[in-house]
Amino acid sequence: MAKKSRKRYAMVLDSRKCIDCKACVVACKAENDVPLGVYRNWIGAERSGEYPRLRTSFDPEQCHHCENPSCVRVCPTGASWQREDGIVLVKYDDCIGCKYCIIACPYDARYHNPETHTVGKCTFCTHRVDRGDLPACVETCPSRVRVFGDLEDPKSPVHQLLSTRRHRVLKPQAGNGPQLYYLL
Amino acid sequence: MDPFPAFRRRFRKEAQMKLTKLAVIALLGLALPLSAEEKGSDTKGKFYFKKSCKTCHVKGGSALELTPLSKTQAQWRKVFDAGRHGKAGEGFSPKFGTPEQIRDIKTFLINHASDSPQPETCGG
Amino acid sequence: MDRRLFMQVAGTGALAAGSIACPRFFRKAEAAPVIPAGIPTTCELCPNKCSVIAELRNGLIHKLNPNPENPKSRGMLCARGNAAIQQVYDPDRLKQPLIRAGARGEGKWRPVSWEEAWDYTARKLSEVKEKHGPQGTLWSSTEGFQEVFFKNLGMAFGSPNILRHPSLCLASVNLAYSMTFGTVPSFDLLNADFVIMAGANRFESIITPDTMDLIGGVMERKAKFIYLDPRFTVTASKADEWHPIRPGTDLAFILAMIHVILKEERQDKAFLEAFTLGYEQLAEHVKPYTPEWAELETGIAAKDIVRIARAFADSAPRAVFYAGRRSSWYTNDFQMRRAQAILNAVVGNWDRQGGMVPNQKVPKGEFMFLPWDDPKAPRVDEVEKNFPLASAKDGVYLPLRENVLKGQPYPVKAWMVYKQDPLHSVPDQGRTLKMIEQMDFVGVIDIAMSDTAWFADVVFPESHYLERTDPIEVLPGIWPAAVLRQQVAKPIHDTKPCLEIVQGLAKRLGLNDFFDYTIEQWVEAEARELPIANGLEHIKKHGVVAFSEPKYGATRNPVNRFVTKSGKIELFSERLQEAGHDPLPKYTPPAAVPEGRFRMVLGRKATITHAGLTHLPWLHEHHKENDVWLNPEPAARLGIRTGDLVEVASQVGRVRLKARVTEEIRPDCIFMLHGFGKKSPWLKRVHGVGAADAVLLETAWDKVSGNAAMHETFVKVAKV
Amino acid sequence: MHEPVWEFLIVNYLFLGGLSAGLYFVAGLATWLTEDGASSYPRIARWGALLAPWPVSVGSLLLIFDLGKPLRFWKLFAHFRWQSPMSIGSWLLVGFTLLSLAFLWSWLEQGEREGLLSRIPARLRKRIPDRAMAWLRVDASAWRRGLAIAGFPVAVGVGIYTGVLLGAVQARPFWNTNLVAQMFLFSALSTGTATILLARLLDRHEVDLKETRFLYSMDIVLIALEFFIVLPYLIHGELSVEAVQEAIALVLGGPFTFTFWVLFLVLGLLTPLVIELWEFKPVLLGRGQFHLNERWATTAAGLVILGGYTLRYVFVFAGQASGFR
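Protein chains in written order, with my numbering: chain A, 459 to 642; chain B, 2 to 125; chain C, 378 to 1097; chain D, 41 to 365.
The set of hints was computed from the structure by calculation and includes no laboratory data. Treat the hints with caution; some may be incorrect.
Stated by the list, open to error - Below, a list of computed lysine-lysine pairs in the DSS-like style, where the Cα atoms sit at most 25 angstroms apart:
(1) C/Lys664 x C/Lys680
(2) C/Lys738 x B/Lys52
(3) C/Lys753 x B/Lys40
(4) C/Lys738 x C/Lys770
(5) C/Lys528 x C/Lys738
(6) B/Lys72 x C/Lys770
(7) C/Lys770 x B/Lys51
(8) B/Lys40 x C/Lys528
(9) B/Lys51 x C/Lys753
(10) C/Lys640 x C/Lys680
(11) C/Lys664 x B/Lys60
(12) C/Lys770 x B/Lys52
(13) B/Lys51 x C/Lys528
(14) D/Lys115 x A/Lys549
(15) B/Lys52 x C/Lys528
(16) C/Lys770 x B/Lys40
(17) B/Lys55 x C/Lys770
(18) C/Lys646 x C/Lys917
(19) B/Lys51 x C/Lys738
(20) B/Lys40 x C/Lys762
(21) C/Lys945 x C/Lys867
(22) C/Lys738 x B/Lys72
(23) C/Lys501 x B/Lys79
Could you build the full structure based on these sequences and the hints that come with them?
Structural data, given as C-alpha cells:
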C-alpha cells in the first residue's frame, strides 16, 4: 500500500492586520466549550511611546503545535501527544491534571480546565479540520490575520506564504520548533 | 389559500362601495382639477401606487418602470394635472382607482419625487 | 484583479479559506471549505446583518459560523456574533411577560400570561388615546428586521410619534450626503489608495465590509491611511499617520484641504463642470480657509495639511475622505459632513473604483398590507417646523424628549419601546428618567431586562433572533445582498417574535385587519421578486441572495439626474439656504474647554454594540468594567493614578469609576466606554459596575439634522 | 497566563521528598560506616531510618491532592515515559518509599516488630500467608548494610529528581540550568542531616558528641557544596542570555529578593554554616575539644530546614514567573 504523504499543519499569522477584536477568542470558546477565565487563544498587546508618538502592536497567539513539543515530552502519562500531522493534543481520559505540561510550555498555551480538572489547549480544531473545515478562529477572523494549512503541500497557502514572505517564530530560543509563523 | 384575506375583504368592500358611487362621481371627479394634491394620504398613496401602478410600471412590465424618483415634483404634477397618463394621454380612468386613491398616489409621488426634500424609492 | 476578487467575495467559498485582501495566496484553499451542515440565518448583534450558519448539536445551538456567501460580511463573524448563543441560553433572559408590581424601578414583577399583558397594555393605550388622542402615544425603536411591525402598529394606532434611531446615529451623515449627492454612497475601501478617516474608529467599530476592506487595503496593498482622532485607538495604531486633532475642528481641516486643492488646481475640473452645481461659490467660500488658519484651529501643522491635501487629490479618484457612521459630535455636525462630501466631490472620486460609489440594491418583493389613515396630529417633536430637512418619518430624539417633558405642543403619556434602551442610548439619563416618570404607561419589548425595561410597566419578552423568522432584508452597498433571518431553534422560553406581540395588541386595539398575515406570508411575498429562480427556496437554503458585481460609473452620465433639487451634485445647496442654513459649510469654532474641565469624547469597542452586550460572559471577559481615560499630564496635576476611584461630573450628572492614566488620549479630553453602570440587576455582570456615560452627557443637537451631538459635554474629574 | 499552577502543595512535596532522601542518605551513611563490625553511629542510623519513610509519604499524598484528577494518580504507573522527569520520579518515589519502609523495618528491634505484627487484627492476620508472616518475623538487622547501600543511589535519585523536575523545563529560564538538580540534592541531604540533628537534640537522653560532630561535619560539607552551587548559579545566570538574566532578576531585584537573600541565603544557608563552623573552631584550630552548645545546634538545624523550605518556595514560584519573551 502506498504510504500517504505526511501532512504538517501549521498556521501563518499576519499580526499587523490584527485589530484586537477578540472574534477568534470568542469563536474558540463557542466551538470548543472553553470555560470562562481560561483561553485557548489570546491576543497579546504591546504599547509603547509617548503622546503623541504612540505604537500598539497586537499578537494573536495560541498553541504553537511545536515540532518538538516540550509538553508532550514531560507528560508522565502520555496524555499529551502529537498526531502524525503535527497537531499536539491532550487525551482527556489519560490526563491526571499534574499541570507539568502547563509549566513546560514556553508559550503558556495550556490551562487547567476548572470544570474538568484536566489540561486544555488549542487543538487546531481537529474535529473541523478533519472534516475539511478551517479552525474556528481562522474562519471567523474579520481581518484575515490567520492562514491555516499543510506545510508539506506546496500548493497550500501556508507553504506559499512562507516561501515568499519574510517571517519569524516566537521564542525560538526555547527550542520547541514552533509552528505558528508570523509574517514580518 | 388566500394570503391576504383581510386585505381582500376590505378592499373588495371598499371597491364595491366606491364602484357604485363611481358612476355618479366619476365624470365630475375626473373633470375637477385635483387641487388638493399634497393633502392626500402619503401612506395610502404608497399602497395604491404599489397596488395599481406597479402592476404595469415595473422592470419588464408592460409599461416603463416607475418610482417616485423617476420624475421631479413638477413633472409628477404635470402628469396628474394635465392628465398625461397613457400613450394617448387619456389620464387615469376609474380602473386605476377612485379619485381619492389617485389623489393619494399623486401625493405620495410628489412628496418623494427626485427633487423633493424627502426623496425615496418605492421600496425604501 | 477586482473582478476576480469579487468572484471570491461573492463566490461559493474560496473566501472561507481565503482573504479578500491577499488573493494571491488563497486561490487554492488548503481545506476545501465545506459549508458545515447547519441553518443559515442572519446575525442581529449589531446593525451589520452578517450571514451566519448555525450549527446544532443535540438540539442546542453549538456554534455560529460565518456564511461566506454574503459579500457584505466578507465571510467573517466578529466576537459579538459568536457570542449570540449566550443570549439564547442566558439564565437572566426575559422568559415570560411581566407586569410591574411595585413602584417603577423597584424591581417587583408579576409574571403574567400573554393575554393579560396584552389586555393590560391595550387598555392603558386606549385610556391614553381617549384622553389625549392617538398622538399621546410615543413609539420608539431601534433598527431591526421586525421593527417594521412595531412601527406599523404605532402608525395604525394613529400616532404621528414614531421615533426611530437615526437621530441618535447617522442622521447628520445621511442628510449631508443626500443633500449633496442625492444619495448616501458607500466607500470603496477595497480599492482605495488613499483614505482619510476622521474619528470613525473603523477597527474598533466594525462596519461590514469597510473594516475588513480597509485593514486588507492598508496592510496588504499599502494604501495610505491618515487618521484623525483625539484618542489613540486601534485604528490609529494601524494608520500611517495619526493626528490627535483638536476636537470639533474637523471642519477647519476639511475646508483647508479644499482650499489647497482648489488653489493648486488639483480638482477634477471636467467632473465638476459636468456634474456639480456651485463650484464658483465654493471657490470663493474656501478662500479664507488657509492651511495656516486651519493649523491654529486644529493643531495640525499647515505643512501637513498641504501635504495631505496634495496626496489626496493626486491619488484621486482612488482617494476617499471616509464619512464615518455614528452619532453627531458637535452642533455643526451636518456642515462638517457636508464639507467631507464636497471635498470628495471636488477630487471627482464619485462613482469610481476606489472612490465613493452609490449603493446598489438587490430587488425584493413587498408584502401588501392594508394602509391606514395618516395621523391627524403633527409630530410632537415638531420636526417639520424646526428641522424641515430631517426625516419626518424618523423624528428627532432629543428635541422630542424636551417637548414631551414640557408637554408641548401636546401631552404624550404612553411610551412603547422596541429593542432599544433609551436610558443608555440617549444623552442625559436623568431627563430620560423624568420622561419615563411623566408617562402614564411604558411598555418595552426586548430580549433582556434592559435598564429601560427595568423602569417599564409591562415587559414583553421577544424571542431571540435565533428563535424566530424575520422579514427579508436588503443590504445596499457596492456588493449588495438580500438576507433572510430564519428560525434556528424553537423558543426555549415563553417568548414571541415582535410580529406576534404586535398582533396580540392589534387584536385588542381593533387594528386586527392591518396585521392579518403571518411572517411566512410576508417572507414569501418578499422572496417572490428576488432576482433568482425559486427565490424563497434559495434564500432559505443559502440565507443570502447576492450576485451582482460592483458597478462603477453608472451615474457618471450626462443624462443622469441626481436626486437633488437641481438634479446635479450640489456643492452649493439652495435648499439649505431656503431652510435658513449655510448653503456652503461655514466654519464655527467649537466651544472652548472651560478651565479645569475636560471634553468628554465617546467611542466604541469591537466587543460592545452601542451600550449593550457587555453582560454576555464571553464578551464581558474582555471588558469587565469601564474606566475613564486621562492623559498623564492632567492626571499628574490632579494627583490621579491608574486604578484610583474618581468622580466625573458634568452639569447634568456625576458618576464614579476608576481612572486609567494613558498616553492614548489628548490632555484636554477624557473618554469612557458605554455599556456599564447598568441599573437593571438582571444584567448582573455590569449592574452597578463602572459608570454610564449617558448620565453625564448633556443635551445638544446638530442644528440641521437634529441629530444628538455627543461631544458637547465638559466634565470635571476629581479623585474621590 | 503567568499565573502559577504549582503552589504550596508542590513546594511542600518537593521539600518533603528531599527531606526523606536526606534522612535515608544520612542514615545509610551512618549504617555503612562501621567500627569493629558495628555501625559507628547506630542512633543516627536508627533515627534516620525511623523518620525517612514519612515525609516522602506525606509528600506523595500532597502531590496526589495537587492533581486535577487525584483518583487517576494510578495512571502514572500505567506508563513509563523515560523523557518525563515526573514519570521517572513517580516510579522512583514508589521504589524509594518501599525501600525506606524496609530500611525502617530493619532498624526496628525484634520486640518492636513483634509488637507491630501483634497489632494486626486477628481477622486480617489469618489472611496473611504463613510464609509471609515468617518472613516478617526474621531478624532483619543483618540487611541494614545492604539496604543502606542499595538506598544510596535511590535516595540520591529522589533528591536529584526534585531538582530535575524543575530543571528539565526548558521553558522556564529560572530553572533551566544543570545546577538546579545538584542544588536541590545538597539542600535535601542538608535538611535530612539537620532533621536528624534536631531529632537527636530533642531526644535529650542520648546527646553524644561524636554523633553531633559527624552530623556537623556532614552539614558543613553539604551547605558549602550548596553554597558553591548557588553562587555559580547566580553568576552564570547574570552572564547568560537575556531571558535568564530576566529570570535571575526575580531574585536579584524582583518580587523574590527578600525571600531569597534574607530567608534562604543568609538565614537558611550562611547563618547555620557560621554557627556550625564556630562550634568546630576549636577542633579546626587544634586548640581544644569540639563542644556542643545545644541551643546553637538547635538554631542551626532549624535554620537549615527553613532554608531548604525557602529554596523550594522561591524556585517553584519564581520559576513559574520566568519565561522567554
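Exercise for the section: Tell me, in ascending order, the numbers of any earlier hints that this structure violates. Expected result: When the structure is compared with the hints, numbers 11, 18, 21, 23 turn out to be violated.
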